[in-house]
Amino acid sequence: MGKTPSERGAYVHRVREDTQRYASELLGENERLRAALASLTQENAKLRWQADHARAELGAVGDRERLLKEALGRVEEENRRFASRYVEIEQENSDLANLYVASYRLHGTLDRRQVLDAIQEIVTNLVGCEEIAIFETDRNGAAVTLVHSCGIDPKAHDKVHFGQGPIGQAVASGEAYVAVDGAPATTPPEAGLTACIPLKLGDRVTGAIALFRLLPQKPGLGALDRELFELLGTHAATALYCSGLEARLAADAA
Amino acid sequence: MQKKKILVVDDSKTALFVESMILRKGPYELVTASDGVEAVEKAVAERPDLILMDVVMPRMSGFEACQALRDREDTQAIPIIMVTTRGEAVNVETGFASGCSDYVTKPINGVELLAKVRDRLGA
Numbered sequence: 001m002g003k004t005p006s007e008r009g010a011y012v013h014r015v016r017e018d019t020q021r022y023a024s025e026l027l028g029e030n031e032r033l034r035a036a037l038a039s040l041t042q043e044n045a046k047l048r049w050q051a052d053h054a055r056a057e058l059g060a061v062g063d064r065e066r067l068l069k070e071a072l073g074r075v076e077e078e079n080r081r082f083a084s085r086y087v088e089i090e091q092e093n094s095d096l097a098n099l100y101v102a103s104y105r106l107h108g109t110l111d112r113r114q115v116l117d118a119i120q121e122i123v124t125n126l127v128g129c130e131e132i133a134i135f136e137t138d139r140n141g142a143a144v145t146l147v148h149s150c151g152i153d154p155k156a157h158d159k160v161h162f163g164q165g166p167i168g169q170a171v172a173s174g175e176a177y178v179a180v181d182g183a184p185a186t187t188p189p190e191a192g193l194t195a196c197i198p199l200k201l202g203d204r205v206t207g208a209i210a211l212f213r214l215l216p217q218k219p220g221l222g223a224l225d226r227e228l229f230e231l232l233g234t235h236a237a238t239a240l241y242c243s244g245l246e247a248r249l250a251a252d253a254a
Numbered sequence: 001m002q003k004k005k006i007l008v009v010d011d012s013k014t015a016l017f018v019e020s021m022i023l024r025k026g027p028y029e030l031v032t033a034s035d036g037v038e039a040v041e042k043a044v045a046e047r048p049d050l051i052l053m054d055v056v057m058p059r060m061s062g063f064e065a066c067q068a069l070r071d072r073e074d075t076q077a078i079p080i081i082m083v084t085t086r087g088e089a090v091n092v093e094t095g096f097a098s099g100c101s102d103y104v105t106k107p108i109n110g111v112e113l114l115a116k117v118r119d120r121l122g123a
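So the sequences go chain by chain: C and B. Mapped onto our numbering, the consecutive letters of the first sequence carry residue numbers 1 to 254. Mapped onto our numbering, the consecutive letters of the second sequence carry residue numbers 1 to 123.
Be a bit skeptical, because a hint or two may be false.
[Stated by the list, open to error] Selected chain C positions facing chain B (in silico; Cβ < 7 angstroms):
1) S94
2) A97
3) L215
4) Q217
Think of the hints as simulated: they come from the structure by calculation, not from any bench. A quick note: this is a predicted structure, and the numbers were derived from the prediction, not measured. All C-beta atoms, glycine included, are put in the ideal place defined by N, C-alpha and C.
Kindly generate the complete structure, drawing on both the sequences and the hints.
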């Protein structure tokens, strides 16, 4: 059955309208897509800018962190230096306290017995030796005689002639004897002798202090010990001399 | 801040003097005694925060004084640091057995002494 011309015309007209509507919808959709694309492009650009900004900030934070770490390292190093110096100063203070106490104790009395006790206490408490002999020079100046001892056999050391053994050589020369590398002498009668300090008034040797074995926990003689020896060499000599004078004056007065 | 009180016990005037000089630099109030009997009396009367006790002393040794203080309720908690010339293990063990908390050996090292005192007193 063929369509009439009027029906064909209506059909063509409907198809044209449908096509136009479809084309119009496509154009609308296209426009929306263009708008969406523009929006996404803009959003993308914004995000890129934000990412670049964040990267720049991160870099700056990293730089600041590195600078802070460097500063922290410097402060820690300074702290270590201060702590180390603090310990050194405490040690110096302690050493000075020892020297002050030794001097104070030696000159704190004119009683001979107390001077001898003070010498022994200084050697025990500040040097670390409980085996000690204190000698005084004889009137003829050829030997030293034991006047006080602790922790040794006094009979073995009652008199030492000038030049005889390390003690005799120390009083003859006026130079302190210190055992090599801190190892005590092993030959009798000076077995165990660690050091011998001549007591001097000016250049005149008036006696000596002999130190035998050190306390077990004392590893050897150090710088402070040598300073104490120097102090004992003159101050103990003076203290003993003054106490002797005092005793003679007291005897004369009586 | 209230100063911590330390009782220093030694029959040697030299040791007493040098320990006092070292400790006086810290925030401490010092009380001294010259033998074990006096140490117990002063500890009871003064209630120190710490005691530095010599070992070899007349009338009563440091070990005996330490034991006496540990036997008393009012002094048993006071920390005691023995200051000894005898650093051998047997003497250190005797010290701990008598109730001492720590020990230092003579010759007195100021830095070591201060470190032990600070460690015990936290100041």
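Taking the numbered hints from earlier one at a time, note which ones the structure violates and give those numbers from smallest to largest. none
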